[in-house]
Amino acid sequence: MEQVPETKATATMERLLPGQSPVLTPGHTLETITDKIVSIVLRRPVTLGWLGGFAFFFGLLNMMLFAMAYLFYRGVGIWGINIPVGWGFAIVNFVWWVGIGHAGTLISAILLLLKQGWRNSINRFAEAMTLFAVACAGVFPLIHTGRPWLAYWLFPYPNTMGVWPQFRSPLLWDVFAVSTYATISALFWFVGLIPDLATFRDTAKNPVAKVIYGLLAMGWRGSARHWKRYESAYILLAGLATPLVLSVHTVVSFDFAISIIPGWHTTVFPPYFVAGAIYSGFAMVLVLAIPIRKFYGVEDMMTLRHLDNAAKVMLGTGLIVAYGYTMEAFYAYYSGNAYELFMFKNRMLGPMAWSYWCLILFNILIPQILWIRKVRLNPGMLFGTSLVILFGMWLERFVIVVTSLHRDFLPSSWGMYVATRWDYAVFAGTLGLFFCAMFLFVRLMPMITIFEMRMLLPQSKLSEEVAAND
Amino acid sequence: MTEHGFVPYPVLHGVVAEFTTPDGLVSACKKARAAGYRRMDAYTPFPIEEAAEAIGFEKTQVPLLTLCGGILGGLSGYLLQYWVNTSAYPMNIGGRPLHSWPPFIIITFEMTILFAGITAVVSMLTLSGLPQPYHPIFNHPRFTAASRDRFFLCIEAADPKFDLAETTLFLQTTDAIDVAEVAD
Numbered sequence: 002m003e004q005v006p007e008t009k010a011t012a013t014m015e016r017l018l019p020g021q022s023p024v025l026t027p028g029h030t031l032e033t034i035t036d037k038i039v040s041i042v043l044r045r046p047v048t049l050g051w052l053g054g055f056a057f058f059f060g061l062l063n064m065m066l067f068a069m070a071y072l073f074y075r076g077v078g079i080w081g082i083n084i085p086v087g088w089g090f091a092i093v094n095f096v097w098w099v100g101i102g103h104a105g106t107l108i109s110a111i112l113l114l115l116k117q118g119w120r121n122s123i124n125r126f127a128e129a130m131t132l133f134a135v136a137c138a139g140v141f142p143l144i145h146t147g148r149p150w151l152a153y154w155l156f157p158y159p160n161t162m163g164v165w166p167q168f169r170s171p172l173l174w175d176v177f178a179v180s181t182y183a184t185i186s187a188l189f190w191f192v193g194l195i196p197d198l199a200t201f202r203d204t205a206k207n208p209v210a211k212v213i214y215g216l217l218a219m220g221w222r223g224s225a226r227h228w229k230r231y232e233s234a235y236i237l238l239a240g241l242a243t244p245l246v247l248s249v250h251t252v253v254s255f256d257f258a259i260s261i262i263p264g265w266h267t268t269v270f271p272p273y274f275v276a277g278a279i280y281s282g283f284a285m286v287l288v289l290a291i292p293i294r295k296f297y298g299v300e301d302m303m304t305l306r307h308l309d310n311a312a313k314v315m316l317g318t319g320l321i322v323a324y325g326y327t328m329e330a331f332y333a334y335y336s337g338n339a340y341e342l343f344m345f346k347n348r349m350l351g352p353m354a355w356s357y358w359c360l361i362l363f364n365i366l367i368p369q370i371l372w373i374r375k376v377r378l379n380p381g382m383l384f385g386t387s388l389v390i391l392f393g394m395w396l397e398r399f400v401i402v403v404t405s406l407h408r409d410f411l412p413s414s415w416g417m418y419v420a421t422r423w424d425y426a427v428f429a430g431t432l433g434l435f436f437c438a439m440f441l442f443v444r445l446m447p448m449i450t451i452f453e454m455r456m457l458l459p460q461s462k463l464s465e466e467v468a469a470n471d
Numbered sequence: 052m053t054e055h056g057f058v059p060y061p062v063l064h065g066v067v068a069e070f071t072t073p074d075g076l077v078s079a080c081k082k083a084r085a086a087g088y089r090r091m092d093a094y095t096p097f098p099i100e101e102a103a104e105a106i107g108f109e110k111t112q113v114p115l116l117t118l119c120g121g122i123l124g125g126l127s128g129y130l131l132q133y134w135v136n137t138s139a140y141p142m143n144i145g146g147r148p149l150h151s152w153p154p155f156i157i158i159t160f161e162m163t164i165l166f167a168g169i170t171a172v173v174s175m176l177t178l179s180g181l182p183q184p185y186h187p188i189f190n191h192p193r194f195t196a197a198s199r200d201r202f203f204l205c206i207e208a209a210d211p212k213f214d215l216a217e218t219t220l221f222l223q224t225t226d227a228i229d230v231a232e233v234a235d
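Chains A and B supply the protein sequences, listed in that same order.
Quick note: the first sequence uses the numbering used here, first residue 2, plus one each step.
Quick note: the second sequence uses the numbering used here, first residue 52, plus one each step.
Hints were generated in silico from the structure; no laboratory data involved.
Predicted model, so just to flag it, every value in this text is computed and none were measured.
Using N, Cα and C, we set each Cβ at its ideal position, and we do this for glycine too.
Heads up, some of the hints might be wrong.
Restraint ranges, calculated between C-beta atoms of paired labels, are given here [to be verified]:
1) Trp152/B x Met417/A: 40 to 46 Å
2) Pro141/B x Val47/A: 55 to 61 Å
3) Ile84/A x His150/B: 32 to 38 Å
4) Tyr158/A x Trp152/B: 19 to 25 Å
5) Ile84/A x Ser151/B: 56 to 62 Å
6) Ala187/A x Glu232/B: 58 to 64 Å
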């Protein structure tokens, strides 16, 4: 442990650069951390603002259910898709939502393995974000099949029809990758919650809440033996989730890259999809964290340092994405393939050119303001930039899916794509699903990992003579 | 215990010492182990690896079981695809080999992760005996603080060296702010 000068003493005993915010504002103790996080759920009354926000997103969610009911009644013809653009909003939204989930796993697993202490206060709600984003993503492949009640045919099980799924198809890889991802994310999230649920059980005054949190905590008592197994399982899950999260968006990119459509058939897809996923995911983390830290007064636990770090990750992954776009153009030029060349010219100058140039503006040009330190430390500016990036990343998938499909090899089979109101209704509906779940989550579960915040405190560290004395 | 199953007086679970710092707890654990106590447990609001080591719990089985789960998952993923493609439902697509292993790797990988992850969590819970609706340590009047800001060391009555008076005296020589008996 490095020596920390008294004047710079922080809650976490870290050494700060001049002007840098600490990860945890000084003055916290084991009690204050516990009380603060617990009181958000157990002591704070339900406010009008929360109710209003929840009602709005619940309305959107119901709109999705209505749009889906009509979809099942009429079929996918109510959407804008047709030949040649058979993959419209459904795939765009699926890829967008899966990508958003990736930042949660990055924060909780990869930053844990890299021993980044600042992740401790944002990992819990980032994991929740992952879970809900994957749920939203899961909606689309299911409903775009047209006959969602037969979706179980995708799973390998012995059946009376005597058929088995095609294991060489990227669409089947998707089924395995996304369902594994959802399962592991849920396990990771729940395992992380167990000790905090025990804290809730021990602090709750309402007998019903006590019983529910008690059941969920499963009798956790903080035994040293249990902690040891717990830590072991947690780090293993992090180690497993790390390659998993990279594989998931790689597999999603295979849906495109394995095909022969011009603009899809490139080897740059897997890495640049993964970078784009983390890019949009961190934007969503900021879109959630900035209002949460303000409305729930946890600015001392989610400090400007977190926002700054998240902005830097966005800047880095954004540059990888920019490299991906450049390489796409270079491949088209260097391949000398007439269809690839035409695809790119059409993407930049064709009828969908607006989407390409908006993408460059939102995803590459505007985010460059994150180089400026003042912007990274200004929550309002960061919030705006994050929204721009989220929209840009959605456009990226739109550009990939639609501009590649609408003019492929034969001019006689060219077409246009216009989304209908039902496309928009389902997309807005998944936003409702996502934010409804987030609203419930911040009111029902500890949104900051209490036990990991305790570990940030200097009084939680053993003194050297006790630790060494063997 | 009488023939009716009636317990005339509370059976002792152990003697519990309460600490305010991790240092106090860990040094008491080390002392207790040096004094010959074996059946004891420490309770803390966050993981303290040294506490587990000090009470003599060095190794967990979780990593080994997770490895086994991962191998099982990978094997079952690959063998399922192999069996389906070569015997259950062989499909000749463009004359490619039925056992075309490269595309099988992806699902094999996903199944490895899935099985390993589930094994890690299930083995962690099962080895710890969770879920467990009742445990005598919760009879301690201030045990709710163990999930908050206090550290507890329990020397259990089942320990061969346990003696109520002697063990209580021993725990009082540590930095404990309180030593209490806990009923089973």
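So, going through the hints one by one against the coordinates:
no., hint, verdict
1, Trp152/B x Met417/A: 40 to 46 Å, "holds, 42 Å"
2, Pro141/B x Val47/A: 55 to 61 Å, "holds, 60 Å"
3, Ile84/A x His150/B: 32 to 38 Å, "holds, 35 Å"
4, Tyr158/A x Trp152/B: 19 to 25 Å, "holds, 23 Å"
5, Ile84/A x Ser151/B: 56 to 62 Å, "violated, 30 Å"
6, Ala187/A x Glu232/B: 58 to 64 Å, "violated, 41 Å"
Of the hints listed earlier, those the structure fails to meet are numbers 5 and 6, in rising order.
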